[in-house]
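Peer 1: Sequence:
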Amino acid sequence: MRTEKRNKKQKGKGLGTNSEGERKTGIFIMVDRQIMLFSALVVLLLAVCVAPLRAQLSLSHPHRKSTLLKMDEASLTINNELQGEMVVSWLSDHCYQCLYQTLGEVPASPGPGMTSAMDFTVSTQHPITLQVNSTIGSLLLCRVHFHFGEHGNYSLWVKNLNDSEQVNCSMVTDNEPVNSYLPILVAFLVYAGLSILVAVGSTIMRLDIVRNIMFRLGNTMETERLINSELGSPNRTIDSSNDSPIPPATTSSRLRSLDTFRGYEFHPVFFLFIVNKGTSWKDLSLVIMVFVNYGGGRYWFFRHESWNGLTVADLVFPWFVFIMGTSISLSVSGALLKGASRCRLFGKVLWRSVQLFIIGLLIINPNYCLGPLAWDSLRIPGVLQRLAFTYLAVAALDLLVARNRLDNIPSDAWWYAGRDILCYWPAWICVFALETLWLCLTFLLPVPNCPTGYLGPGGIGDFGQYPNCTGGAAGYIDRWLLGENHIYQTPSSRVIYQSRVPYDPEGVLGSISSIVMAFLGLQAGKILLHYKDLPSKIMARFLIWGFALGIISAILTKCSKDHGYIPVNKNLWSLSYITTLSCFAFVMLFIIYYTVDVKRWWSGAPFFYPGMNSILVYVGHEVLEEYFPFRWKMSNTQSHGQHLTQNLVATSMWVFISYVLYKKKIFWKI
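Numbering-wise, UniProt numbering puts 60 at position 60 of the sequence shown, and it's gapless, one number per residue.
Wrong hints could be hidden among the right ones.
Claimed, not checked - Cross-link-like lysine-lysine pairs, in silico, DSS-like; alpha carbons within 30 Å at most:
1) Lys348 x Lys663
2) Lys70 x Lys633
3) Lys348 x Lys338
4) Lys338 x Lys633
5) Lys665 x Lys532
6) Lys338 x Lys532
7) Lys338 x Lys663
8) Lys338 x Lys665
9) Lys348 x Lys664
10) Lys663 x Lys599
11) Lys669 x Lys348
12) Lys537 x Lys338
13) Lys599 x Lys348
14) Lys669 x Lys532
15) Lys338 x Lys669
16) Lys537 x Lys599
17) Lys532 x Lys348
18) Lys599 x Lys665
19) Lys532 x Lys599
Stated by the list, open to error - Here are the in silico distance ranges between beta carbons for each label pair:
20) Asp533 x Phe301: 36 to 44 Å
21) Gln166 x Gly464: 25 to 33 Å
22) Lys338 x Arg600: 35 to 43 Å
Read the hints as simulated data drawn from the structure, not as lab findings. Glycine included, C-beta positions come from ideal geometry on N, C-alpha and C.
Whole structure, please, built from the sequences with the hints as guidance.
Peer 2: Here it is as structure tokens:
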């Protein structure tokens, strides 16, 4: 029986061709696995290599570093040649309409030709203005605008010109600052070199001559395996295609994202939007979020903006919310097409929302940093809580208006060209009503001891007139509804604006804006569904939406940071913040769709792997933050380079962990 089966295999030409193809597929899959594993290991190796490079670069100027100076600080010596005492104040360019803060007093000169001096420490994150006043009558003597460099030594000389009453202030650099941005350049070159290395290696491994060599080696290994094994038991068949979780390439123009969502059947909130070969812009956002949450090298632009404006850290969360809406659209459509009940789907949505809320409330609550969880000071809002609420609202809204089939829309209807919008007009009305509610509460709700419609940070902002009005109506609603002890105690506005009251950026009022953001992402999903076989129309609509939202943002902000009708503000999740980030989102979708799904220039690795276990990566990086290898004791805690090295290694470790889990087919979902 065993001999007859082998003879049939040799005689049947078609069957022999299939087995040969299976062996080739297995060999190529093995090669791809080796390349991916090699890439992941090199990522970790090169990330660790950033540390000695950083040390070597920083030691090239050892005389410039002062052990007394901390990160983002410089030393300033103020020399006074005047006969009277001086008061020196400072104001950051990043602080809009703020009061000058006292830096210190400098005593008068002991006598003609003599100088009194005082040493101060100044911030180097942003340019500042130094103001010198006399202590008698607070007479303004001079102002100096300067951007200090990290760990630099500077001197400010205050003296009279030619024995006249005119005061001159001049800044002198005594010791040059260190280049605190050099570690970023080194890290960029390392990872860019890694990408080039992997791209070149992948190209070489796909050459015909290399494939033939690997095929011959594979045949040799297969022969040895058969000799040393059961020699082809009649009850055993070899199907190498089942060994790989990556499906074979196909010439179909259909998005792989649709098949993926159908296969996972309504995956939870973090389920990624994948195009063709498995990349996702949300996966990239997840990796950036992990890096930012670990500290981002302690650079100010990898932290949240103090109030108005945007940094890298402010981009990630709303993009998660946006792409969550896209995922909901694709998931609901796939489930309804398979005949799932809307009530059953809503039950799943509700249960998953509850799970996300509980995980955010009890597992990754920031109050653990202060010790055991205390119910009287438990923070109720949070990132996962916001996502849970938004997911519930947008998914429920889509379940009400989503169509079971999209191929039965009459093509001769007058509204057919706008079917991706007009088919869901009840949902749009609900969204407009929610945004109207946000505008009314923000600009019309009376707030005790604060001006109506106030959007400022409080503290020393607005010339110190409203120190306890941080966030206006948004902060007032959270403090009234949740209580001051149950919201975020150290908002980013404390860094520059020195705000006094607690304020939560994931508060109640901002959740309305996050629903609008997710719904715009839902619209992106509708575009993909209605025009799935027309990539040019998909890209055109992405660009149209991006352009329209950009125009709205320009009107709301007057193309300025602080002078618009509604400034871009992540703490408030302002309307302009939603339109601006959604504009960026549609443009990014256009770029990724074109490069990955249309042109197929990039497979999405390695960002694809964290997206397949996004809940595990997010929760794990929060819970295990203080454990090795994600954190260790640094020799110099005031070094951007060492922090950047640690954060890059930690982020790369999660990419590697997610890669291993992907290969083991381990996925944590709720």
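Peer 1: Quick check: which numbered hints come out false for this structure?
Peer 2: 4, 13, 22
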